[in-house]
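These are the residues of each chain, in order.
Protein chains: 2
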Amino acid sequence: MSDHRIAPVAAHEPPYYAVVFTSVRTEGDNGYGETSDRMEELVKEVPGYLGMDHARTPGGLSITVGYFRDLAAIEEWRGNLDHRAAQKHGRAHWYESYTLHVAKVERSHTFERAQD
Amino acid sequence: MSDHRIAPVAAHEPPYYAVVFTSVRTEGDNGYGETSDRMEELVKEVPGYLGMDHARTPGGLSITVGYFRDLAAIEEWRGNLDHRAAQKHGRAHWYESYTLHVAKVERSHTFERAQD
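Chains as they are written, first to last, in the UniProt record's numbering: chain A, 1 to 116; chain B, 1 to 116.
Don't read these hints as lab results, they were simulated from the structure. Hints may contain errors.
Said to hold, decoys possible - With a Cα cut of at most 25 Å, we get these calculated DMTMM-like pairs of lysine to aspartate or glutamate:
#, chain 1, residue 1, chain 2, residue 2
1, B, Lys104, A, Asp29
2, A, Lys88, B, Glu112
3, B, Lys88, A, Glu106
Said to hold, decoys possible - Covered stretches of chain A, as calculated for chain B (at least 3 residues, CB under 8 Å):
#, region
4, 36-46
5, 79-86
Said to hold, decoys possible - Over the 12 Å line for every Cβ pair with chain A, so calculated as not near, a few chain B residues:
#, residue
6, Ala7
7, Pro8
8, Pro15
9, Tyr32
10, Glu41
11, Val43
12, Thr64
13, Tyr67
14, Glu76
15, His93
16, Glu106
17, Glu112
If you're wondering where the values come from, they're calculated on a predicted model, not measured in any experiment. Don't be surprised by glycine CBs; every beta carbon is placed ideally from N, CA and C.
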C-alpha cells in the first residue's frame, strides 16, 4: 500500500465544464464494469479532459461527474464511436433511469484537512 | 412498501444551477447523519430549490448534487446561519477533503426505462 489518499478531483480554474450523470442501475453487472473501466481509460485521451469522480450507494444512486475544459472536449467525447456504442448498450441494459447535465463551472474551491 | 422507485432528480428546463459537492469523509459518523438530515429538510424551504441527489461509495467518495433555479437561491442557502454552522463543523470534523463546484446547467435530459 502507498500513502496515496482517496480524494475528489481538485478545483480547476473556472470556467470549465462538469458533466453530471446521475443514474439508477438495473440488477446485476451485465458487462457494465468492464465497459465502464474501458470508457474511463478512453476518456483520458480526449484533449481538455480534466478528471472524473464517481460514487455509488449500494442498492441506490450512482453519480459520475466528468470535468472538461470546454464544450469542444465534451463534443469530442460525445462523438467517440466506442462511447456511443456504450451509451446505446447502457440504455438497453444497464440503466433504469438517468439524468445527464452539462454545466459550466463558474466557481469552485477545494478543501483539504491539514495532515497530522 | 410502496411502488415508489429510486430515481435521480429529473432534468429541469435550463438554465438552472447545479452545486456539485464531492467529498471524502473522516472515520465515523460524528453527528454527520443527524445534521445532514436536518440540512436536507432546511434546504427545501429555499425558494428556487429544485432537488438533491446523493451517492456514497462505502469507504470512498461521496457526491451530493443540489439543483437551484438561480444564483439568488444558492446565495440564500449559502447564507443560512444553520447551514453556515454545519459547514464550519464539517471542515473541523467530517471531511478529509472536498471540492465544491457551482455550475450553470446549459443542457440536460432524463432517460427512464419503459416499464414492463
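Which of the stated hints cannot be reconciled with the structure, identified by number in ascending sequence? 1, 4, 5, 6, 7, 8, 12, 13, 15, 16, 17
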